[in-house]
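Protein chains in written order, with my numbering: chain E, 18 to 274; chain X, 49 to 273.
No lab work stands behind these hints, which were simulated from the structure alone. One or more of the hints may lead you astray.
Distance windows between CB atoms, simulated [claimed, not checked]:
1. E:Arg-76 with X:Ala-114: 44 to 50 Å
2. X:Pro-163 with E:Glu-136: 42 to 48 Å
3. X:Arg-264 with E:Arg-58: 53 to 59 Å
4. X:Arg-155 with E:Glu-185: 17 to 23 Å
5. E:His-166 with X:Asp-79: 44 to 50 Å
6. X:Arg-118 with E:Leu-253: 54 to 60 Å
7. E:Arg-182 with X:Arg-118: 49 to 55 Å
8. X:Ala-114 with E:Asp-208: 52 to 58 Å
Bear in mind the structure is a predicted one, so any value in this text is a computation, not a measurement. Where a beta carbon is used, it is the ideal one built from N, C-alpha and C, also for glycine.
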Amino acid sequence: MLMKRLIVCLDIRGGKVTKGARFVGNVEVGDPVELAARYYREGADELVFYDITASAEKRPIDIEAVRRVAREIFIPYTVGGGIGSVEDMRAALLAGADKVSLNSLAVRNPELLAEGAREFGGQCVILGLDSKRRHGDARFPSGCEVVIHGGRTPTGLDVVEWARRAVELGVGEICLNSIDADGVKEGYDLDITRKVSEAVAVPVIASGGAGNVGHVRDAYVLGRADAALIASMAHLDGDSCRKIKAELREMGVPTRK
Amino acid sequence: MIAILDYRAGNLESVRSALAHVGAEPVVTDDPSVIARADRLVFPGVGSAAHCMRNIRERGFDRVLADALRAGRPTLAICIGQQLLFDRSDEDGGVAALGLLPGRVKRFVPLADDPSCKIPHMGWNRVQYLRPHPLLPSDRDGGDFYFVHSYFASPAWAGDPVEHEPEDETREPGVVYGATEYAGIAFASMVGKGPFFAAQFHPEKSAGDGLGILERFAGWDGSPC
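Kindly produce the complete structure, drawing on both the sequences and the hints.
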């Protein structure tokens with residue numbers, strides 16, 4: 018039986034792992050290489066390296082940092098932030114990434130998702146999707162709008178429609194991040210997670226809002242997510258992935274020991 | 049020295065890095081003289097079967113692998129590397145593969161009554177060890193490994209609790225070492241034959257259980273028992 022994945026996200030700003038609420042008020046958590054090695058040892062199922070300011074600063078991702086992290090971990094490794102071309106994807110993969118995550122730049126140029134999937138296989142290409150609640154707005158049937166640039170720029174796209182479109186273009190996985198829930202530690206946005214999970218045939222990673230193990234369980238059970246991303250729980254609360262996954266197993270969720 | 053066969057099938061850096069981590073001396077190469085000197089081979093692969101087979105033949109790796117099997121050179125096949133050891137794959141409308149093991153590579157069929165059963169099979173899953181092998185820990189009955197694939201190998205020999213083709217009695221069978229459950233079936237997630245050991249999962253991405261296989265491979269003499 019396929020197990021539910023617990024993924025730790027390293028948000029990188031100025032060469033350091035940071036964490037904040039709703040993408041503002043970031044606090045520095047530590048060195049990416051040291052933290053990656055620690056989370057790997059502590060039983061993380063996957064790791065994400067996300068250069069959160071690359072896209073806004075219109076610069077390529079810090080490829081040397083990507084490479085240093087890759088040498089420390091022997092689990093699947095996703096890299097995102099500032100990836101805007103097939104050449105950027107190739108550079109990240111050659112530096113040791115297994116998957117690349119495209120977000121803002123894919124909204125501007127959706128064909129990039131198809132080019133990446135053709136060149137490297139859909140399993141390498143993740144759509145990073147930032148979702149903002151627009152309940153009651155008839156333009157967004159799913160109740161949520163796709164936003165970019167860390168939530169600052171609305172796109173006019175409906176979240177479920179954009180997820181479906183990206184899968185048609187060839188992405189192998191969707192990481193769905195709720196801007197409203199991110200950093201607030203009151204739980205994932207289960208409603209939109211479930212809508213996206215049921216609308217697409219590829220795995221969905223729930224992201225944004227995890228504050229305790231119950232939230233993570235809810236993402237799998239109520240949100241129908243295949244994987245859950247955590248940041249604050251690992252960085253600030255010091256919960257080890259092994260402990261979180263043991264508690265999930267006690268709640269009946271299959272996880273890797 | 050371990051030669052990782054480079055036929056432009058995906059990124060080989062993670063296989064190289066994991067082998068180096070367990071103390072081996074890996075080299076990513078398509079140079080016949082380097083491959084000839086290697087003590088062991090790794091046959092990796094990501095991508096579509098037709099694309100991979102074309103690149104394998106262009107570089108003469110089909111002969112390299114057939115010779116390695118005859119000569120008893122320890123070889124580890126990973127992911128599509130495992131699939132291509134068989135006779136043929138249903139991928140890309142049907143592709144003739146290496147034919148070193150009897151059997152066929154088939155696509156998972158999603159379960160109609162379970163929308164959570166997604167194709168590809170992506171994530172961590174259990175491998176039940178069916179019989180001992182020098183690359184497997186002798187004190188464990190299974191391990192957890194990372195998979196990413198839509199097709200799986202269906203061997204043309206009987207006797208194991210996995211999905212298989214009708215028995216082909218004209219051919220020498222291989223051995224199934226591991227079984228994994230997905231999409232309502234059990235499939236052969238580890239197979240072997242003499243000095244060849246093959247895994248559908250990615251040992252280089254499977255933390256301690258995967259690194260253990262790589263470490264034992266780095267010291268394996270190619271004898272299956």
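ask   = So the hint says 52 to 58 Å: do the beta-carbon atoms of X:Ala-114 and E:Asp-208 match that?
value = Once the Cβ atoms are compared, 56 Å apart, the range 52 to 58 Å for E:Asp-208 and X:Ala-114 holds.
request  = Kindly confirm whether 54 to 60 Å is satisfied by the beta carbon distance between X:Arg-118 and E:Leu-253.
outcome  = holds (58 Å)
inquiry  = Is 49 to 55 Å respected by the C-beta to C-beta distance linking E:Arg-182 and X:Arg-118?
reply    = Given range 49 to 55 Å: holds, Cβ gap about 51 Å.
key: Hint check for X:Asp-79 and E:His-166 - Cβ pair distance inside 44 to 50 Å   = Holds: the Cβ-Cβ distance is about 46 Å, inside 44 to 50 Å.
request  = Using the beta carbons of X:Arg-155 and E:Glu-185, state whether their distance is inside 17 to 23 Å or not.
outcome  = At 19 Å between Cβs, range holds.
ask   = Between E:Arg-76 and X:Ala-114, does the beta-carbon spacing fit 44 to 50 Å?
value = holds (49 Å)
ask   = Between X:Pro-163 and E:Glu-136, does the C-beta distance stay in 42 to 48 Å?
value = Because 30 Å falls outside the window, the suggested range is violated.
task = Indicate whether the distance between the beta carbons of X:Arg-264 and E:Arg-58 respects the range 53 to 59 Å.
result = violated (21 Å)
This entry does not satisfy hints 2, 3, going by the numbered hints stated previously.
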